[in-house]
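Model the full structure from these sequences, guided by the hints.
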Amino acid sequence: MFAYIEHDAPELLMHQFSDGSRFRCSESFVRKYLRDLGWSERCSTRAAQKLPDNVSQILSDAFLRQTCIIRDHAIPAALRVNTDQTQTHYQMGGKRTWNKRGEKQVATMGMDEKRAFTLVPSISASGELLPMQTIFFGQTEASCPNKRARCYAEAEKRGFKFEPSRSTTYWSTQATMQSLVNDIIAPYFDKKKEELGLPSKQCSLWMIDCWSVHKSKEFRDWMKKTHPTIIISYIPGGCTGVWQPLDVGIQRVLKQSMKRSAHKDIVNETMTHLDSGIPASAFKLDTTLGTLRDRSVGWIMNAYDDINHKDLVLKVTRLPDH
Amino acid sequence: MTSPEALLALRELPRTNPTLYDEISANRSVGEESNEVEEDAFSPENEIDGSDETDIPTEVVRSLVVSDGRNIGDGYGLDNDGTIVRVGTAEGTSLIEDKGTVELGRGHRAKTGSKRYGGEWEGH
Numbered sequence: 001m002f003a004y005i006e007h008d009a010p011e012l013l014m015h016q017f018s019d020g021s022r023f024r025c026s027e028s029f030v031r032k033y034l035r036d037l038g039w040s041e042r043c044s045t046r047a048a049q050k051l052p053d054n055v056s057q058i059l060s061d062a063f064l065r066q067t068c069i070i071r072d073h074a075i076p077a078a079l080r081v082n083t084d085q086t087q088t089h090y091q092m093g094g095k096r097t098w099n100k101r102g103e104k105q106v107a108t109m110g111m112d113e114k115r116a117f118t119l120v121p122s123i124s125a126s127g128e129l130l131p132m133q134t135i136f137f138g139q140t141e142a143s144c145p146n147k148r149a150r151c152y153a154e155a156e157k158r159g160f161k162f163e164p165s166r167s168t169t170y171w172s173t174q175a176t177m178q179s180l181v182n183d184i185i186a187p188y189f190d191k192k193k194e195e196l197g198l199p200s201k202q203c204s205l206w207m208i209d210c211w212s213v214h215k216s217k218e219f220r221d222w223m224k225k226t227h228p229t230i231i232i233s234y235i236p237g238g239c240t241g242v243w244q245p246l247d248v249g250i251q252r253v254l255k256q257s258m259k260r261s262a263h264k265d266i267v268n269e270t271m272t273h274l275d276s277g278i279p280a281s282a283f284k285l286d287t288t289l290g291t292l293r294d295r296s297v298g299w300i301m302n303a304y305d306d307i308n309h310k311d312l313v314l315k316v317t318r319l320p321d322h
Numbered sequence: 001m002t003s004p005e006a007l008l009a010l011r012e013l014p015r016t017n018p019t020l021y022d023e024i025s026a027n028r029s030v031g032e033e034s035n036e037v038e039e040d041a042f043s044p045e046n047e048i049d050g051s052d053e054t055d056i057p058t059e060v061v062r063s064l065v066v067s068d069g070r071n072i073g074d075g076y077g078l079d080n081d082g083t084i085v086r087v088g089t090a091e092g093t094s095l096i097e098d099k100g101t102v103e104l105g106r107g108h109r110a111k112t113g114s115k116r117y118g119g120e121w122e123g124h
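Line by line, the protein sequences give chains A and B. Here the working numbering is used: position 190 in the first sequence is 190, and no number is missing along the way. Here the working numbering is used: position 11 in the second sequence is 11, and no number is missing along the way.
Each hint should be verified, as a subset may be incorrect.
[Stated by the list, open to error] With a straight-line Cα cutoff of 20 angstroms, these simulated EDC-like cross-link-like pairs (lysine to aspartate or glutamate) come out:
| hint | chain 1 | residue 1 | chain 2 | residue 2 |
| --- | --- | --- | --- | --- |
| 1 | A | K215 | B | D40 |
| 2 | A | K32 | B | D79 |
| 3 | A | K315 | B | E59 |
| 4 | A | K315 | B | D68 |
| 5 | A | K215 | B | E23 |
| 6 | A | K217 | B | E38 |
| 7 | A | K217 | B | D40 |
| 8 | A | K215 | B | E38 |
| 9 | A | K310 | B | D68 |
Source of the hints: derived by calculation from the structure; they are not laboratory data.
Below is the structure:
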């Protein structure tokens with residue numbers, strides 16, 4: 001809609017109202033506009049996580065556990081990292097559907113296993129954002145973005161990893177968790193130890209949540225054998241929304257950046273078509289998996305730059321008030 | 001976590017909570033803790049799909065998070081559920097009928113900037 005307005009009536013975007021505001025075709029405007037045309041919106045959302053009744057006690061205990069590890073192993077902030085995995089749909093907003101008022105059948109878009117990927121960001125308590133790992137649904141490298149995709153070379157240069165799940169979902173697996181540690185987490189710790197003049201046997205602290213793969217004996221045994229200096233500290237179960245640094249604030253900025261990048265690509269595609277002179281009625285957005293997957297590299301790089309602000313990372317690594 | 005208060009709480013733990021002290025002492029070298037709860041692969045907070053609207057610049061969201069909700073910037077407000085929204089009159093639907101005063105250029109056509117997405121769209 002934004003692209004059509006910018007192409008056909010750009011003056012709407014230029015006019016400044018008496019209160020200083022300019023029309024930006026906001027989502028709230030679009031929703032109201034569609035409702036006025038007789039459409040109704042349905043949105044399927046998951047309920048926010050319910051905190052345990054004794055959350056204060058749980059967090060207090062977790063705090064003391066971590067403090068003890070940090071004290072006993074003299075772990076500096078740069079060697080304390082939190083990693084989480086984030087689900088990203090190629091077509092954001094797919095949970096919102098619009099139907100003519102009264103229609104029973106509700107179509108959903110882009111919500112199947114192939115239409116999403118997993119983004120795995122990590123941050124340190126010293127305010128650093130590590131390169132991200134990305135997991136794509138599929139069995140081979142062909143399921144990952146094309147090496148010629150926009151920003152791909154820059155992503156590789158900055159240490160980002162694109163991996164196929166080699167499973168029936170786009171989720172992390174034992175294998176991708178191990179490559180995350182081998183390719184991103186451990187090299188980061190090694191580099192920091194060198195920078196700080198610390199010995200290689202210096203311990204580090206890695207905070208992850210209580211997801212089944214993280215907690216599995218297989219993964220814990222592998223960590224102890226392969227990376228004995230990395231101490232795992234699990235986020236208390238049921239408390240990720242208030243205790244996990246990556247959940248407290250960064251996700252909101254990350255989400256916004258990804259959504260805006262995806263939207264920007266759609267507007268650019270639409271504008272290119274409208275500029276070509278072909279009738280708008282003949283235009284259909286390219287929503288093929290390959291196109292969206294390749295575009296996702298640019299979204300990820302934009303998101304990295306948008307959250308890679310020390311004040312933001314340090315803000316969320318501060319303890320919550322409980 | 002390495003504040004004097006935190007270290008004092010840790011030193012006093014054998015007296016204030018001997019059970020937790022014993023548990024921590026037994027696991028201090030591995031960092032693991034007993035926890036029966038198992039999380040989903042993605043918590044609701046980690047599903048990139050909702051929250052703030054696409055027209056809200058990322059820096060506005062970042063500023064709000066960094067300032068603990070105190071700094072939202074001119075022209076923006078918070079909805080009942082904490083979502084950032086534009087508060088100016090420009091988003092009113094009457095805009096369709098009222099295009100306002102438009103600066104006219106050559107041939108009395110509306111003067112326009114670049115048609116490319118960018119110039120009039122707030123920075124990413």
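Against the structure, the hints:
About 12 angstroms separates the Cα atoms of K215(A) and D40(B), which keeps this hinted pair within 20 angstroms; it holds. This hinted pair checks out: K32(A) and D79(B) have alpha carbons roughly 15 angstroms apart, not beyond 20 angstroms. For the hint linking K315(A) to E59(B), the alpha-carbon distance of about 15 angstroms falls within 20 angstroms, and the restraint holds. A distance of roughly 9 angstroms separates the Cα atoms of K315(A) and D68(B); the hinted pair therefore holds under the 20 angstroms criterion.
A distance of roughly 18 angstroms separates the Cα atoms of K215(A) and E23(B); the hinted pair therefore holds under the 20 angstroms criterion. About 14 angstroms separates the Cα atoms of K217(A) and E38(B), which keeps this hinted pair within 20 angstroms; it holds. In summary, the hint linking K217(A) to D40(B) is supported, as the alpha carbons are separated by about 17 angstroms, within the 20 angstroms threshold. Straight-line distance between C-alpha atoms of K215(A) and E38(B) comes to about 8 angstroms, which keeps the hinted pair within the 20 angstroms bound.
Note on K310(A) and D68(B): the hinted pairing holds, with a Cα-Cα distance of about 15 angstroms set against a maximum of 20 angstroms.
Checked against the numbered hints listed earlier, the structure breaks none of them; every hint is satisfied.
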